[in-house]
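Peer 1: One-letter residues, chain by chain:
Protein chains: 2
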Amino acid sequence: MPYYLFFYDYLLFNKLNWVYFKDNYIKGDDIMLNLTLLGSGGTMPTPERFLSSLIIDYKGRKILMDCGEGTQVAMRKFNTGFRTLDIICITHLHGDHIYGLPGLLATIGNSNRTEPLTIIGPMHIKKLIEEIILPITYAPFGIYVVESPNEDLGLSIIEEGLRIVEESNSTEMTLSTIELDHSAPCLGYSFYLKRHPKFIVEKAMGNGVPREIWKALQHGESFELNGRLYKPEMVLGDKRKGIKLSYITDSRSIDNIVPFIKDSDLLICEGTYGDDEDIQKAKAHMHMTFGEAANLARKGKVRDLLLTHFSQTMDDPREYKDNATKIFHNTAIGYDGWKKTLKYR
Amino acid sequence: MPYYLFFYDYLLFNKLNWVYFKDNYIKGDDIMLNLTLLGSGGTMPTPERFLSSLIIDYKGRKILMDCGEGTQVAMRKFNTGFRTLDIICITHLHGDHIYGLPGLLATIGNSNRTEPLTIIGPMHIKKLIEEIILPITYAPFGIYVVESPNEDLGLSIIEEGLRIVEESNSTEMTLSTIELDHSAPCLGYSFYLKRHPKFIVEKAMGNGVPREIWKALQHGESFELNGRLYKPEMVLGDKRKGIKLSYITDSRSIDNIVPFIKDSDLLICEGTYGDDEDIQKAKAHMHMTFGEAANLARKGKVRDLLLTHFSQTMDDPREYKDNATKIFHNTAIGYDGWKKTLKYR
Chain V
1 MPYYLFFYDY LLFNKLNWVY FKDNYIKGDD IMLNLTLLGS GGTMPTPERF
51 LSSLIIDYKG RKILMDCGEG TQVAMRKFNT GFRTLDIICI THLHGDHIYG
101 LPGLLATIGN SNRTEPLTII GPMHIKKLIE EIILPITYAP FGIYVVESPN
151 EDLGLSIIEE GLRIVEESNS TEMTLSTIEL DHSAPCLGYS FYLKRHPKFI
201 VEKAMGNGVP REIWKALQHG ESFELNGRLY KPEMVLGDKR KGIKLSYITD
251 SRSIDNIVPF IKDSDLLICE GTYGDDEDIQ KAKAHMHMTF GEAANLARKG
301 KVRDLLLTHF SQTMDDPREY KDNATKIFHN TAIGYDGWKK TLKYR
Chain Z
1 MPYYLFFYDY LLFNKLNWVY FKDNYIKGDD IMLNLTLLGS GGTMPTPERF
51 LSSLIIDYKG RKILMDCGEG TQVAMRKFNT GFRTLDIICI THLHGDHIYG
101 LPGLLATIGN SNRTEPLTII GPMHIKKLIE EIILPITYAP FGIYVVESPN
151 EDLGLSIIEE GLRIVEESNS TEMTLSTIEL DHSAPCLGYS FYLKRHPKFI
201 VEKAMGNGVP REIWKALQHG ESFELNGRLY KPEMVLGDKR KGIKLSYITD
251 SRSIDNIVPF IKDSDLLICE GTYGDDEDIQ KAKAHMHMTF GEAANLARKG
301 KVRDLLLTHF SQTMDDPREY KDNATKIFHN TAIGYDGWKK TLKYR
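If you read the protein sequences in the order shown, they are chains V and Z.
So in this note's numbering, spot 195 of the first sequence is number 195, and the numbers just go up one at a time.
So in this note's numbering, spot 308 of the second sequence is number 308, and the numbers just go up one at a time.
Each hint should be verified, as a subset may be incorrect.
To be verified - Lysine-lysine pairs mimicking DSSO-like chemistry, simulated, CA-CA at most 30 Å apart:
id: 1; chain 1: Z; residue 1: Lys-239; chain 2: Z; residue 2: Lys-215
id: 2; chain 1: V; residue 1: Lys-198; chain 2: V; residue 2: Lys-339
id: 3; chain 1: V; residue 1: Lys-239; chain 2: V; residue 2: Lys-283
id: 4; chain 1: Z; residue 1: Lys-262; chain 2: Z; residue 2: Lys-343
id: 5; chain 1: V; residue 1: Lys-126; chain 2: Z; residue 2: Lys-126
id: 6; chain 1: V; residue 1: Lys-241; chain 2: V; residue 2: Lys-283
id: 7; chain 1: Z; residue 1: Lys-77; chain 2: V; residue 2: Lys-77
id: 8; chain 1: V; residue 1: Lys-77; chain 2: Z; residue 2: Lys-339
id: 9; chain 1: V; residue 1: Lys-283; chain 2: V; residue 2: Lys-194
id: 10; chain 1: Z; residue 1: Lys-239; chain 2: Z; residue 2: Lys-281
id: 11; chain 1: Z; residue 1: Lys-231; chain 2: Z; residue 2: Lys-59
id: 12; chain 1: V; residue 1: Lys-77; chain 2: Z; residue 2: Lys-281
id: 13; chain 1: V; residue 1: Lys-339; chain 2: V; residue 2: Lys-321
id: 14; chain 1: V; residue 1: Lys-194; chain 2: V; residue 2: Lys-239
id: 15; chain 1: V; residue 1: Lys-241; chain 2: V; residue 2: Lys-299
id: 16; chain 1: Z; residue 1: Lys-301; chain 2: Z; residue 2: Lys-231
id: 17; chain 1: V; residue 1: Lys-326; chain 2: V; residue 2: Lys-77
id: 18; chain 1: V; residue 1: Lys-77; chain 2: Z; residue 2: Lys-321
id: 19; chain 1: Z; residue 1: Lys-127; chain 2: V; residue 2: Lys-126
id: 20; chain 1: Z; residue 1: Lys-77; chain 2: V; residue 2: Lys-321
id: 21; chain 1: Z; residue 1: Lys-59; chain 2: V; residue 2: Lys-339
id: 22; chain 1: Z; residue 1: Lys-59; chain 2: V; residue 2: Lys-127
id: 23; chain 1: Z; residue 1: Lys-77; chain 2: V; residue 2: Lys-281
id: 24; chain 1: Z; residue 1: Lys-339; chain 2: V; residue 2: Lys-127
Worth flagging that the hints you see were computed from the coordinates, not collected in a lab.
Please build the complete structure, drawing on both the sequences and the hints.
Peer 2: Structure (structure tokens):
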């Protein structure tokens with residue numbers, strides 16, 4: 001059956017089914033995460049490099065990872081927008097990851113945003129936001145702070161914003177955190193964008209599933225109708241792998257990270273020092289060398305590795321790329337404005 | 001007498017006189033203020049413009065005027081140095097003038113500075129520094145905060161740093177403040193670098209002044225020796241005009257500003273709006289148009305006017321320059337990295 005006829009048929013049928021179709025279409029193979037590395041530097045902002053941070057764009061709504069001094073300037077430079085930012089994830093409370101918060105919130109406030117914003121971070125993030133940031137900024141919108149979440153968080157687009165929701169089969173994305181090993185309490189993050197099994201019309205029809213419960217079943221819910229129990233597998237194809245993105249900075253390369261980043265499509269990882277000989281510096285300041293980050297990528301069997309958070313002592317981190325690629329081939333060196341789209345495979 | 005002979009003579013005489021000579025040399029006609037406009041934007045930092053701030057370099061020691069997000073990046077870009085910064089003057093506590101403080105202090109801290117730093121600002125600056133900034137930064141040096149000084153402050157180089165000293169004839173520079181008219185308590189600043197009258201050797205000798213008190217008299221102090229009172233005018237020439245620099249941002253153009261900036265060699269003044277038609281916006285947001293700033297410069301009979309703190313809605317403030325020059329000819333449009341040296345005339 002041609003698609004436009006299928007669509008027409010559903011419109012005629014009822015509104016529920018139209019919504020189902022629309023959702024199914026949006027949730028189809030076009031779903032992706034658009035990433036923009038806003039900055040790639042560590043410790044201090046310089047004229048050459050913004051401080052490490054990342055924008056994750058999901059259906060036009062944004063997650064920001066870290067916010068050092070100048071992050072709002074990078075957001076402007078790389079056109080990521082301010083009003084559509086729904087979630088800010090802070091890895092730790094060192095200045096190069098937080099000093100941009102008052103300015104960013106003020107700029108968002110000036111953009112006339114009224115929708116609430118969620119800030120997630122490690123221990124003491126609530127105190128930071130409530131006692132330090134909010135008294136000196138203009139934030140005419142609700143701010144919900146989640147401190148050190150001790151379980152995975154479900155994220156979905158609700159009322160046109162990306163919000164934390166109760167984890168369920170219909171949750172669109174899962175956010176996980178891990179305690180890293182740095183000189184301050186520090187969280188690593190991973191995002192898993194779920195991929196629903198294919199909805200197979202022939203299978204649904206073959207199993208005699210009434211159309212009005214197709215959507216519920218597609219979203220993983222079982223449904224009883226007229227005394228018969230309908231299960232998701234009556235309309236769905238095989239399980240499909242979603243998209244996994246991991247973000248690890250700042251930390252030593254501890255073993256716990258390996259299962260946490262396992263099978264990521266992309267691992268964005270700090271590589272503060274390019275030179276293998278800087279290993280003692282890396283240990284002293286609780287950072288990683290390129291080689292250590294590459295080792296994590298290899299052990300975690302990730303698809304790609306992007307290095308960031310470069311020491312300002314490295315003029316050109318690309319000079320040290322071999323120190324990573326000899327351990328993990330698919331390594332890229334981050335730079336301000338780097339972009340990538342992660343799609344379902 | 002050739003200079004080198006003069007110098008030799010003094011070295012032979014005694015150490016006091018050598019110091020006198022050295023000081024006199026340094027305090028001579030080479031004394032100047034080297035200015036670097038670090039940024040020229042208002043409200044929000046953008047990729048095109050840093051936020052308004054200024055470095056005043058006096059004998060290699062620095063005064064920073066305002067510190068918005070990114071000011072430390074501009075300091076790095078324009079090579080003004082961090083360790084030699086002795087005084088930070090804050091005009092008011094709006095974000096575009098203060099959000100760069102935690103990062104700047106941390107960067108100075110990382111430069112291993114141990115000498116104390118002075119921060120001067122309006123009402124509530126103490127609370128800001130003590131309760132908001134210091135808890136989240138690394139400042140392993142003393143910070144002295146001066147809130148709303150109600151009289152002029154004397155500045156001199158002491159122990160290799162520019163410090164507040166008791167106002168006296170030997171004070172090198174005077175810092176004055178004025179309450180401006182903005183939506184938050186806001187201070188305008190002016191700096192007057194004194195110029196000592198010329199020391200006239202022939203006059204000193206003619207008046208029979210003993211050499212060991214030349215220095216004291218040169219610095220404006222009277223001196224009694226062997227029952228005779230020696231006065232400064234016995235060794236000095238006529239009074240000479242020093243260097244006056246005024247810094248006015250953010251404010252409406254109130255009348256009080258005129259006597260405050262009177263006869264400045266340079267007035268650096270906010271000109272948030274270039275277009276005369278934006279006068280209502282200027283009034284609403286308590287800023288000035290180029291024309292209003294130029295009017296102040298004209299009434300205050302300053303030598304030169306530099307406009308800064310441009311609204312981000314102006315892509316190129318130079319387009320509106322005529323709106324200022326038709327009122328005050330010696331107007332320049334500020335830009336990031338603008339430099340000027342103010343010398344004794």
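Peer 1: Could you run down the list of hints and mark each one as holding or not?
Peer 2: Against the structure, the hints come out as follows:
1. At roughly 17 Å between alpha-carbon atoms, Lys-239(Z) and Lys-215(Z) fall within 30 Å of each other, so this suggested pair holds.
2. Between Lys-198(V) and Lys-339(V), the direct Cα distance comes to roughly 29 Å. Compliance with the 30 Å bound is thereby established for this hinted pair.
3. A hinted pair counts as satisfied when its Cα atoms are at most 30 Å apart, and Lys-239(V) with Lys-283(V) does not qualify at roughly 42 Å.
4. Straight-line distance between C-alpha atoms of Lys-262(Z) and Lys-343(Z) comes to about 18 Å, which keeps the hinted pair within the 30 Å bound.
5. Pair hint Lys-126(V) plus Lys-126(Z) holds up; C-alpha atoms about 24 Å apart against a cutoff of 30 Å.
6. The straight-line distance between the Cα atoms of Lys-241(V) and Lys-283(V) is roughly 36 Å, outside the 30 Å bound, and the hint therefore fails.
7. Simply put, Lys-77(Z) and Lys-77(V) have alpha-carbon atoms about 18 Å apart, close enough for the 30 Å limit, and the pair holds.
8. At roughly 26 Å between alpha-carbon atoms, Lys-77(V) and Lys-339(Z) fall within 30 Å of each other, so this suggested pair holds.
9. A threshold of 30 Å between alpha carbons decides the hint, and for Lys-283(V) with Lys-194(V) the separation of about 36 Å lies outside it, so the pair is violated.
10. Annotation: proposed proximity of Lys-239(Z) to Lys-281(Z) is violated, straight-line Cα distance about 45 Å (limit 30 Å).
11. Straight-line distance between C-alpha atoms of Lys-231(Z) and Lys-59(Z) comes to about 29 Å, which keeps the hinted pair within the 30 Å bound.
12. Distance restraint check for Lys-77(V) and Lys-281(Z): the Cα-Cα separation of roughly 26 Å lies within the 30 Å cut-off, and the hinted pair is therefore satisfied.
13. Distance check on the hinted pair: Lys-339(V) and Lys-321(V) sit about 19 Å apart at the alpha-carbon level, within 30 Å; holds.
14. Distance check on the hinted pair: Lys-194(V) and Lys-239(V) sit about 10 Å apart at the alpha-carbon level, within 30 Å; holds.
15. About 20 Å separates the Cα atoms of Lys-241(V) and Lys-299(V), which keeps this hinted pair within 30 Å; it holds.
16. Distance hint between Lys-301(Z) and Lys-231(Z) is unfulfilled; the C-alpha atoms sit about 34 Å from each other, more than 30 Å.
17. At most 30 Å may separate the alpha-carbon atoms for a hinted pair to count; Lys-326(V) and Lys-77(V) exceed this at roughly 34 Å.
18. The hinted pair formed by Lys-77(V) and Lys-321(Z) meets the criterion: a straight-line CA distance of about 27 Å does not exceed 30 Å.
19. For the suggested pair Lys-127(Z) and Lys-126(V), the alpha carbons sit about 20 Å apart, so the restraint of at most 30 Å is met.
20. Between the alpha carbons of Lys-77(Z) and Lys-321(V) the distance comes to roughly 27 Å, so the proposed pair stays at or under 30 Å and holds.
21. With a C-alpha separation of about 46 Å, the suggested pair Lys-59(Z) and Lys-339(V) falls outside the 30 Å cut-off, and the hint is violated.
22. Distance hint between Lys-59(Z) and Lys-127(V) is unfulfilled; the C-alpha atoms sit about 43 Å from each other, more than 30 Å.
23. Only pairs whose Cα atoms come within 30 Å are accepted, and Lys-77(Z) paired with Lys-281(V) is accepted, the gap being roughly 26 Å.
24. As the CA atoms of Lys-339(Z) and Lys-127(V) are separated by approximately 42 Å, the hinted pair breaks the 30 Å bound.
In this structure, the earlier hints numbered 3, 6, 9, 10, 16, 17, 21, 22, 24 are contradicted, and the remaining ones agree with it.
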